[in-house]
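Going down the list, the protein sequences come from chains A and B. Under this note's numbering, think of the first position of the first sequence as 1, with each following residue one higher. Under this note's numbering, think of the first position of the second sequence as 327, with each following residue one higher.
Simulated from the structure, these hints should not be mistaken for laboratory data. There are no misleading hints in this set.
Pulled a few chain B residues facing chain A out of the computed Cβ check, cut under 10 Å:
#, residue
1, Thr-418
2, Arg-421
3, Ser-425
4, Ile-427
5, Val-433
6, Thr-436
7, Ile-438
8, Asp-441
9, Ala-466
10, Ser-468
11, Leu-470
Sample of chain A residues with no beta-carbon within 10 Å of chain B, all distances over it, derived:
#, residue
12, Asp-87
13, Gln-162
14, Glu-163
Beta carbons: idealized from backbone N, C-alpha and C, even for Gly.
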Amino acid sequence: MANGVTMTKDAVSAAAWTKKDLLGLRELSVEEIRLVLQTAESFREISLRPIKKVPALRGKTVVNLFFEPSTRTRTSFELAAKRLSADIVNITAQSSSLTKGETVLDTVRNLEALKVDILVIRHAAAGVPHLIARHAAASVINAGDGAHEHPTQALLDLFTIQEKKGRVAGLNVCIVGDIAHSRVARSNIWGLTKLGARVTVCAPPTLLPPQIEQLGVTVSHRVDEAIRAADVVMLLRIQHERQEAQLVPSLREYRLRYGLDRERLKQAKPDVLIMHPGPVNRGVELDSSVADGPYSVILDQVTNGLAVRMAVLYLVSGAPKVEEES
Amino acid sequence: MAESPARHEKPQPESGAFFVSGFREKAKVLDGAAIRRALTRVAHEIVEHHKGTEHLALIGIRTRGALLAQRLAREIEAIGEHPVPVGILDITLYRDDLSRIAPNPVVHATEISFDVAGLHLILVDDVLFTGRTIRAALNAISDLGRPNTIQLAVLVDRGHRELPIRADYVGKNIPTSLQERVDVRLNELDEKEEVVLEVPVDAERS
Chain A
1 MANGVTMTKD AVSAAAWTKK DLLGLRELSV EEIRLVLQTA ESFREISLRP IKKVPALRGK
61 TVVNLFFEPS TRTRTSFELA AKRLSADIVN ITAQSSSLTK GETVLDTVRN LEALKVDILV
121 IRHAAAGVPH LIARHAAASV INAGDGAHEH PTQALLDLFT IQEKKGRVAG LNVCIVGDIA
181 HSRVARSNIW GLTKLGARVT VCAPPTLLPP QIEQLGVTVS HRVDEAIRAA DVVMLLRIQH
241 ERQEAQLVPS LREYRLRYGL DRERLKQAKP DVLIMHPGPV NRGVELDSSV ADGPYSVILD
301 QVTNGLAVRM AVLYLVSGAP KVEEES
Chain B
327 MAESPARHEK PQPESGAFFV SGFREKAKVL DGAAIRRALT RVAHEIVEHH KGTEHLALIG
387 IRTRGALLAQ RLAREIEAIG EHPVPVGILD ITLYRDDLSR IAPNPVVHAT EISFDVAGLH
447 LILVDDVLFT GRTIRAALNA ISDLGRPNTI QLAVLVDRGH RELPIRADYV GKNIPTSLQE
507 RVDVRLNELD EKEEVVLEVP VDAERS
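Isolated chain B, as found in the complex:
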């Protein structure tokens, strides 16, 4: 698969930045149906935890988190009785590694058309890894207002946190090694629907 731009828009761990000639698929972790089931379950967990859907809003982190947030909102609206607004957050300007990467990554707009103050926000992302993206997202949200609570929902938690951050709702826990890569592909962007675990093709042996 072509290098997905989204992957480079998010902070990567230092130790992951070694030279590899490429990645090959090791295992398909979730297929389309499994992604759908995971989102449906997470939607129910969210509604159960909040005892309804009042004052609930979702904020997806660009790019795939935003797509997942929209799907999750539809699932939640099917269960609850209130509309669930969805916003899109671009965390580029809040990255802690901006001055370390050159050139600066492309900035996309943050599109949150509602006031976050007083809401119960669910932050949505595809993969939880080092936690640095979420740290940036929390800072970005605090610049937009003061929500009552913020929780985190992710499709995949692959471990290796570098910050004290955890997810409240997880579609699937996938144990990984640092060298491996988790690739989330969604219909809207990738014309397929799957989560795959990839391993580096060993550069020395090839």
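Chain A extracted, bound-state conformation:
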């Protein structure tokens, strides 16, 4: 009768969210990661309603402050804020006073003078969100800083793995691609290892940062072997600039050695998950036949990203506020 209603006996983790900011997965405890995933699970249903909106953040102002171009992350944050009834303003570096020589902190001080509550920040330099978080009373969410961290991407990846596999612990996750320049890889390594997955990174030596093993991952240069053992294969985008910087001889050679096509996929486990943070370079790191194939969960990642970002906005907005020092 009960329409498949589940009544789990308060499976609520004891963790409460007390952080003003979300800067990276490195700083998060296992309980905090689980709380975000659990909250996102509850938020998912909202986007399936005829009226896709709840009043939780009514009256809050969110600013998308993007110093680097982005479509999917910015749109995802914007929709997440709107579905929580927050007001949101988009600022991109190209159209702001930053091109007139204003410093980042001055930009932030001006936004704070307008009484904004949450700043979502993307910047090409690692640590900029952290710098702003120290100076701002508003909550700061890191939407990607240099090659450092991209926490909401890793959280949505964890959410998607959890959703499809029922667990994260004990899984073999293989990250293939430009590890050296990837904030997605770093955040995922922190998150996956904290939740008990075994992570293998696989890339040409030029695209692997030295001493990456210190983060608790295994390094492999043999992509076929890594794919055979993997429950999840995460591909990273190979940017054309890497070829210009001569880190890969050519995109064609990268594709031959490391790209995932139908042939290579045949060796994988029958229930393997293929993930990609987007945007996909079709025909380089990932063939269209695989990207659009049955193992790909790339679009689920996008859908889940919305719920995860709603959860993050909700959680940081409830963190205890400290009075602004002046």
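Chain A is already provided as a structure; the job is to place chain B on it using the hints.
Same frame as chain A, now just chain B:
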């Protein structure tokens, strides 16, 4: 008894937020059999009022309201001839005190798998107190669609309303003072079945 998480998931009146070192049981208001009888009577009242069970659906408010709604639905289905769908509503995101409590409370999913439009909805909760939970629930339901009617069924009405809200079906009216606490314990969550009235242990005298 350990602090029940459900209690903190719902708005509490301002005046109730003073410091006490704990609560002790003052009286057992309902035992298991009395809870059962109350639900059976409420089920009959609902069927009588609606002249049957057609287009009837129940929505329970997390956590204990949801359990009561499922029980009530079984009772109603035993009397009537139509299946009675049950949904679960989480009102956290509709609270009027979200920005006043930190950190934000844990959000659970709303699980309503049917279209509420055109139905006669019965909202079910364990205790009716300030009315703020019900206000939040009404707003949440209006975001899901337009039911024909919405009524309210509660196991216990303890008074002290802060909003113009009343219950259509009441298991038991319990006069209380603001300092007291009504604790509903149900087998599924608490491994016992009772409603108790608790009074604060006076912090100054201890």
